[in-house]
Amino acid sequence: MMDKQQIANQYKSIQDIITRGLEALDGKSTFQEELWQREGGGGGRTRIIQQGAAIEKGGVNFSAVHGVLPEPVRKAFQVDKTNFFATGVSIVIHPNNPFVPIIHMNIRYFELDDRVKWFGGGIDLTPHYVQTEDAVYFHGQLKNICDRFSPAFYPEFKAHADRYFYIKHRQETRGIGGIFYDRLTPEKTQVSWETIFDFSAALGHAFVPIYSELMNRNRHREFTAANKRWQHLRRGRYAEFNLVYDAGTKFGLETNGRIESILMSLPPHAEWAYDFRPEPGSAEAQTLSLLKQDIDWLAL
1 MMDKQQIANQ
11 YKSIQDIITR
21 GLEALDGKST
31 FQEELWQREG
41 GGGGRTRIIQ
51 QGAAIEKGGV
61 NFSAVHGVLP
71 EPVRKAFQVD
81 KTNFFATGVS
91 IVIHPNNPFV
101 PIIHMNIRYF
111 ELDDRVKWFG
121 GGIDLTPHYV
131 QTEDAVYFHG
141 QLKNICDRFS
151 PAFYPEFKAH
161 ADRYFYIKHR
171 QETRGIGGIF
181 YDRLTPEKTQ
191 VSWETIFDFS
201 AALGHAFVPI
211 YSELMNRNRH
221 REFTAANKRW
231 QHLRRGRYAE
241 FNLVYDAGTK
251 FGLETNGRIE
261 SILMSLPPHA
271 EWAYDFRPEP
281 GSAEAQTLSL
291 LKQDIDWLAL
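Sequential numbering of the sequence shown, starting at 1, is according to my numbering.
I should point out that these hints are in silico values taken from the structure, not numbers from a laboratory. Where is the CB? At the ideal position from N, CA and C, for every residue including glycine. Check the hints yourself; a few may be wrong.
[Said to hold, decoys possible] With a Cα cut of at most 27 Å, we get these calculated DSSO-like pairs of lysine-lysine:
#1 K188 <-> K81
#2 K28 <-> K12
#3 K188 <-> K228
[Said to hold, decoys possible] Quick list of simulated restraints, FRET-style, between CB atoms:
#4 V244 <-> D296: 24 to 32 Å
#5 A225 <-> S192: 47 to 55 Å
#6 V136 <-> Q5: 33 to 41 Å
Use the sequences and the hints to build the structure in full.
See below:
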């Protein structure tokens with residue numbers, strides 16, 4: 001298996017590929033980059049795109065950090081070691097058009113020592129309006145990637161995403177899910193370290209083609225002020241999940257991470273309305289009816 005610095009370099013290259021691809025997809029705005037150093041060790045590259053032709057706000061972040069693992073994180077990870085290394089790429093894109101979905105992806109590697117290390121990550125889609133054909137396309141692409149490495153990956157990781165991306169206090173999923181995996185090792189997956197890393201990298205390389213297809217299907221659709229308000233309400237739910245449940249946000253805050261990078265996932269505009277209820281039979285009501293766990297999108 002390649003060492004941690006080689007993994008970090010590969011992830012840094014994937015960040016470059018994704019930012020170039022998203023700039024070409026947007027066609028107007030470019031990413032602003034900020035290089036930063038973590039006080040406890042390591043640093044990263046935060047890249048933000050705003051007010052584009054198709055992307056209202058997006059972030060593609062790379063980090064490679066190391067240092068002493070805080071006590072709360074040691075307890076959460078159930079480990080005794082104190083020195084850690086973590087590297088990864090994290091992406092959230094908030095589009096302008098309400099018919100284009102929010103997308104999130106994270107690929108990461110974590111290491112305490114030669115015996116305690118793992119890969120994690122995932123990709124999920126949060127449509128403001130759930131469109132079945134887009135959901136089928138998205139899950140089909142993820143299954144194709146997973147199946148290249150193990151037939152067990154897609155069903156296991158899809159179920160994990162359904163459980164993870166769930167807003168318990170709303171009793172609804174954040175969107176249509178995707179795949180989510182954590183603490184992948186050869187012992188857990190029955191495949192090699194190299195295969196797990198290659199799977200992680202394949203997800204990174206698939207990000208731009210998948211999102212380009214979804215963006216181009218919907219970016220020129222006309223929308224109303226009511227559609228825009230619904231988008232803002234759904235963004236509010238997205239923010240609730242990230243601030244209350246997201247493990248990456250918690251890890252970043254507890255390891256003295258960079259606040260601007262950690263909270264780049266939050267939308268530029270969101271809304272909360274008291275006891276909002278969509279009209280029965282509306283597209284908004286239809287979307288709410290599909291925010292459930294365990295939907296087999298590929299059987300639709």
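Right, here's what the structure says about each hint:
Taking the CA atoms of K188 and K81, the gap is about 21 Å. The hint holds against a cut of 27 Å. Of the pairs offered as hints, the one joining K28 and K12 holds, with about 24 Å between alpha carbons and a cut-off of 27 Å not exceeded. Between K188 and K228 the alpha-carbon distance is near 44 Å, which puts this suggested pair outside the 27 Å criterion. Range check, V244 to D296: about 28 Å between beta-carbon atoms, so the 24 to 32 Å window is met.
Separated by about 53 Å at the C-beta atoms, A225 and S192 satisfy the suggested range of 47 to 55 Å. At about 40 Å, the beta-carbon gap between V136 and Q5 stays in the expected band of 33 to 41 Å.
In the structure shown, a violation is registered for the earlier hint numbered 3 alone.
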